[in-house]
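*Asks:* Sequence:
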Amino acid sequence: MTFKPKVALSQDFLGQLAKLPSGIYAKVMKWATQFQADPTSSGINYENIKGARDPNLKSVRVDNDWRGIVFKPTKGDVYVLLYVDHHDEAYRWAENKRLAINPVTGAMQLVVLEQVVQQESVPEATTAPPGVEDEVKATLSTPLFAALSDHELMSLGVPEELIAPVRAVATEGGLDAIQARLPVEAYEGLFLVHAGDTVSQILTSRETRVDREIDIEDFAASLETPEAQSRFVVVEDDDAMRSIMNAPLAQWRVFLHPTQKKLASGDRSGPMRVLGQAGTGKTVLAMHRARWLAENRTPDGQKVLFTTFTKNLAGDIQQNLRSLCSAQAMAKIEVVNLDAWVGAFIRSRKLEHRIVYDRKQDAARQAWESALATKDSSLDLPDDFYEQELEQVILAQGITTLAQYRVARRTGRGVVLSRAKRDAVWPVFEEYRGQLASRKLKEVDDAYREVAEIIASEAQVAGESYTPPYSAIVIDETQDLGPQALTLLRAMIPAGENDLFFVGDGHQRIYSRNRAIMSRCGIEIRGRSRKLYLNYRTTDEIRKQAVALLEGCEIDDLDGGSDEDNRYKSLSHGPAPKLTQVDGIESATQETIAFVNEWRAGHAPEVPLSLCVITASTKVRDAMARELENAGLACVTIDAQNNHANAVNVVHLATMHRAKGLEFDCVVVVAPTSYLGDPADTDNQRKLLYVALTRAKRGALLLQVP
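Per our numbering, the very first residue in the sequence shown carries number 1; after that it's consecutive.
The set of hints was computed from the structure by calculation and includes no laboratory data.
The structure displayed is predicted, hence computed values, not measured ones.
Any given hint could turn out to be false.
Claimed, not checked - Quick list of in silico lysine to aspartate or glutamate cross-link-like pairs, DMTMM-like style, CA-CA up to 25 Å:
id : residue 1 : residue 2
1  : 531       : 497
2  : 30        : 77
3  : 360       : 334
4  : 350       : 339
5  : 262       : 295
6  : 30        : 47
7  : 30        : 172
8  : 544       : 564
9  : 311       : 639
10 : 440       : 358
11 : 311       : 358
12 : 261       : 213
13 : 75        : 172
14 : 6         : 295
15 : 72        : 161
16 : 6         : 237
17 : 531       : 556
18 : 19        : 238
19 : 4         : 38
20 : 360       : 383
Using the sequences and the accompanying hints, generate a full structural model.
*Replies:* Take a look at the structure:
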């Protein structure tokens, strides 16, 4: 029996592929497909690279000028497409590279063999990480990682060849200076150590074993490690090759951080929660988890439910899942936002009530006004007290009787209510529900609660014969879901292996009334909680500015605890966001035009620059659109029906709520000055600003208007 050699593609190869002119791209596609079919073919002319530090790196001709750089082993059957460029540039790239296996983790790593002082020039549109120049010049006597052994450094992912430069690092800026040379897991591990974690804690969180004997020449085995799979992908056939190469920028479909890779696959003993700031890849992880569950743990007759809070996010996720999953896997995944799911359930049971999503509209407003007319005037409580009490206590806790209200928790409500006062307040809520019922209406939290009760009742009646429709439920943007929503999700699937998988971020909680504690909703995550620390979207400068906006705001961990910020880090750097005070829409428009022109002027034309103006209201959004169009800029507005993701060479415009879940190269955030008032009074507004600012990948401008 003959074995077909393994062919893998590297991240660098795909990244370079996206920059190729169309004529060369077609040639590279043809060459790579033929290479994948048989890398040992006599028709492939491997050439040695003069001066290359790794004799296994070879050059392969694409045409007279273009060359591919390939790893061709002296033994074994693994071939890796590493890079493609003009002849001279390709050779220069290969000279100081070495493909090696980490002797502790077993991961295949592309090592850059150069001195720390040999810094590459910084692109015009970016700036060097803070402290890089100082670190290059300085020889400080207190290295950050002096206490770690070589084995510990390699267990974090540091290549053996880079131990010496890592040991020379004395500041966080120095670590950033060598980031480009380090595998992503090594950089993450080192900054977590610098933040105070132990090597043991990091490896336990990663679920990484470092107690096995490693064959440093077995590249086939190395490709099976999650660390190697975060930068190399094996292609089994022509279809897989074409699928990956036809979308070289969609690397999220192929490459996952090692921690993400492990969380996306494998069995979990119960509910799992993953936290991470904006840009850390939570949604990507959730989609890969849904695919793995659909492919491996979902029998015929069941599906994986992927749900989130808003309709537009669910639509984006469904579209992305279609590009990630096979038709067979996609047939076993249902994507729907939770409100829509509840509405469909109510219709399927032929229940007559419609759900109230806005209490200030039509019949719901009339019901609320009628309820307020019954309030006890002797209490001297304002109308907004009753509305907040309804949302934060009555609906959130599923309270349906006076007896329950008398003993209900009212943490954070400010006004203390004695038992007598609670008795006097309660009739307003009772009247409101009665008024809604007479109009065949129901508050969304009450609908969640009653649907959960129906599901529990049906399961109890069915007994052992009950089979839930879902094998697992994956939940994105968990921070937006309130207690009744989480209680419903718990009721929708029996507790057990792989049942619930949550991803979320307390920094992005823009619906404060929905704050929930998972354990109080029947969801026990102890021992099954992880964090994603690396930000792949936003530069560290933008990330830090966005986090600074939240100073003084409480950031929770979705389960009654607090999240912290000192362990998060971005992989990219760029200019710090500008914060500018303007006197109105016209001034904001002029600042926006200058910002757009500056970024467009400095941008390479191969890939269009994506830009978005994000506002606090539709009124300001539409006013900005008119002003920008009058100035000659093409604009498209993002709404509930379409995010216009395929529109290029335009300026997108969106509200802060609508921009959630999207990303752009550059954003302009237009916000009222009042959004940056006392953090105690502007918690929601500051988190909206955080969400808006972190939509940016490279550049950001925050404009404050009166």
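*Asks:* So, for every hint listed, does it hold in this structure?
*Replies:* Status of each hint after checking the structure:
1. 531 <-> 497: Holds, because 20 Å separates the two Cα atoms, which is no more than 25 Å.
2. 30 <-> 77: Since the Cα atoms of residue 30 and residue 77 sit roughly 22 Å apart, the hinted pair holds (cutoff 25 Å).
3. 360 <-> 334: violated (32 Å)
4. 350 <-> 339: holds (17 Å)
5. 262 <-> 295: holds (16 Å)
6. 30 <-> 47: holds (19 Å)
7. 30 <-> 172: violated (44 Å)
8. 544 <-> 564: At roughly 13 Å apart (the allowed maximum being 25 Å), residue 564 and residue 544 satisfy the hint.
9. 311 <-> 639: Holds. Residue 311 to residue 639 sits at ~11 Å (cutoff 25 Å).
10. 440 <-> 358: It holds: about 15 Å lies between the C-alpha atoms, which stays within 25 Å.
11. 311 <-> 358: holds (16 Å)
12. 261 <-> 213: holds (22 Å)
13. 75 <-> 172: violated (40 Å)
14. 6 <-> 295: Holds - the C-alpha atoms of residue 295 and residue 6 are around 23 Å apart, at most 25 Å.
15. 72 <-> 161: Given that 25 Å is the threshold and the Cα spacing comes to 21 Å, the pair holds.
16. 6 <-> 237: holds (10 Å)
17. 531 <-> 556: Answer holds: residue 531 to residue 556 is near 13 Å, not above 25 Å.
18. 19 <-> 238: holds (22 Å)
19. 4 <-> 38: Cα-Cα ~8 Å, so holds.
20. 360 <-> 383: holds (13 Å)
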